[in-house]
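Asker: Given the structure of chain A, go ahead and fit chain B onto it with the hints provided.
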Amino acid sequence: MNPKRCAACKYLRRRCPKDCIFSPYFPPSDPDKFACIRRIYGAGNVSKMLQQLPVQTRAEAVESLSFEARCRIEDPVYGCVGIISLLQTQIQKTQTLLAKTQAEIAVCSNQT
Amino acid sequence: MGGPGSSPCASCKLLRRRCAKDCIFAPYFPPDDPHKFAIVHKVFGASNVSKMLQELLVHQRADAVNSLVFEANARVRDPVYGCVGAISYLQNQVSQLQMQLAVAQAEILCIQMQHEPTLQSHHQVLELDQDDKALLLHNNIDNCNNNNNNNLGYAMSSGQFNSNFASPSSIMQMQMQMQDPLKQESLWT
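One line per chain: the protein sequences are A and B, in this order.
Note that the UniProt record's numbering has the first sequence beginning at 1, numbered continuously upward.
Note that the UniProt record's numbering has the second sequence beginning at 1, numbered continuously upward.
The hints are simulated quantities; they were obtained by calculation from the structure and are not laboratory data.
Every residue gets a Cβ at the ideal spot worked out from N, C-alpha and C, and that includes glycine.
A portion of the hints provided could be inaccurate.
In silico lysine-lysine, DSBU-like type, Cα no more than 35 Å apart, as pairs [to be verified]:
id, chain 1, residue 1, chain 2, residue 2
1, B, K42, A, K33
2, A, K18, B, K42
3, A, K48, A, K4
4, B, K21, B, K42
5, A, K93, B, K21
6, B, K51, B, K21
7, B, K13, A, K100
8, A, K33, A, K48
9, A, K33, B, K36
10, B, K51, B, K13
11, B, K42, A, K100
12, B, K21, A, K48
Here are some chain B residues the structure puts well away from chain A; computed CB gaps all over 10 Å [unchecked claim]:
id, residue
13, R16
14, A20
15, C23
16, I24
17, P27
18, D33
19, P34
20, K36
21, E55
22, V58
23, E116
For reference, chain A alone in the conformation it holds in the complex (with noise of 0.2 Å):
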């Protein structure tokens, strides 16, 4: 087999083609990537969505998805959703904080 195989097509025990879709992603020094994104989506959909993309965007969206792959993983329940929902508590409880700073230095102002 090629040795220079992309992390994707070793992982799939293939030979890895020329025009291979994965390869510019998967780089075989990063096998965890592609088992991660794999584990979650499925070789095909991964390959399906790649397709769909103009070739400029495929690399952020290969970084997106093993983003969200990896929160998957590491959080079966909520995934990259529980990063969302602690964001946007913080941002009510910044928000909070800020209105009650600047109502003080209102306050503060008018005794002045």
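Answerer: Same frame as chain A, now just chain B:
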């Protein structure tokens, strides 16, 4: 629920198979909402979803399905960034708010210092003059106006994802240090 005499769940309808009594999808994909399963199947695949659900405790599965539906919708709306676009946008919002809060807290401190003249003679106080304060606030307002759409849909198409994204566990640790990890019901509605 699946079984003889009852309507097959949305999953079994889409997959064109008999809906068994113990169908793993049936409690979460009712037949009156075919889109819900269709979108999850499109992004994750039915067998992957089935495996994921099987690995969870029964009481966790409803939330898992809801989060998968949310992620799938996000991915369909923004095929490049998915949910990550929203995360990037929200993190930006958090930074902006924290900057504004820091400025406001500095201002309160200044005002308090002004009310305590005896302290000024003993401590060197960094006072922001009016121009500095105005500049800080103006910069914050400009940045907020550039991100004034709080809609996740906007966030997801804004393309702010940084490919050098921190790992999920480091982000979650960072957030959890700041507050309780609440999982809001309203996220699903």
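Asker: Now tell me, hint by hint, if it's right for this structure.
Answerer: Hint check results:
no.	hint	verdict
1	B:K42 - A:K33	holds, 21 Å
2	A:K18 - B:K42	holds, 28 Å
3	A:K48 - A:K4	holds, 23 Å
4	B:K21 - B:K42	holds, 24 Å
5	A:K93 - B:K21	violated, 45 Å
6	B:K51 - B:K21	holds, 18 Å
7	B:K13 - A:K100	violated, 53 Å
8	A:K33 - A:K48	holds, 18 Å
9	A:K33 - B:K36	holds, 28 Å
10	B:K51 - B:K13	holds, 19 Å
11	B:K42 - A:K100	violated, 46 Å
12	B:K21 - A:K48	holds, 33 Å
13	R16	holds, 19 Å
14	A20	holds, 23 Å
15	C23	holds, 20 Å
16	I24	holds, 15 Å
17	P27	holds, 15 Å
18	D33	holds, 19 Å
19	P34	holds, 19 Å
20	K36	holds, 15 Å
21	E55	violated, 6 Å
22	V58	holds, 12 Å
23	E116	holds, 12 Å
In terms of the numbered hints stated before, the structure departs from hints 5, 7, 11 and 21, listed from lowest to highest.
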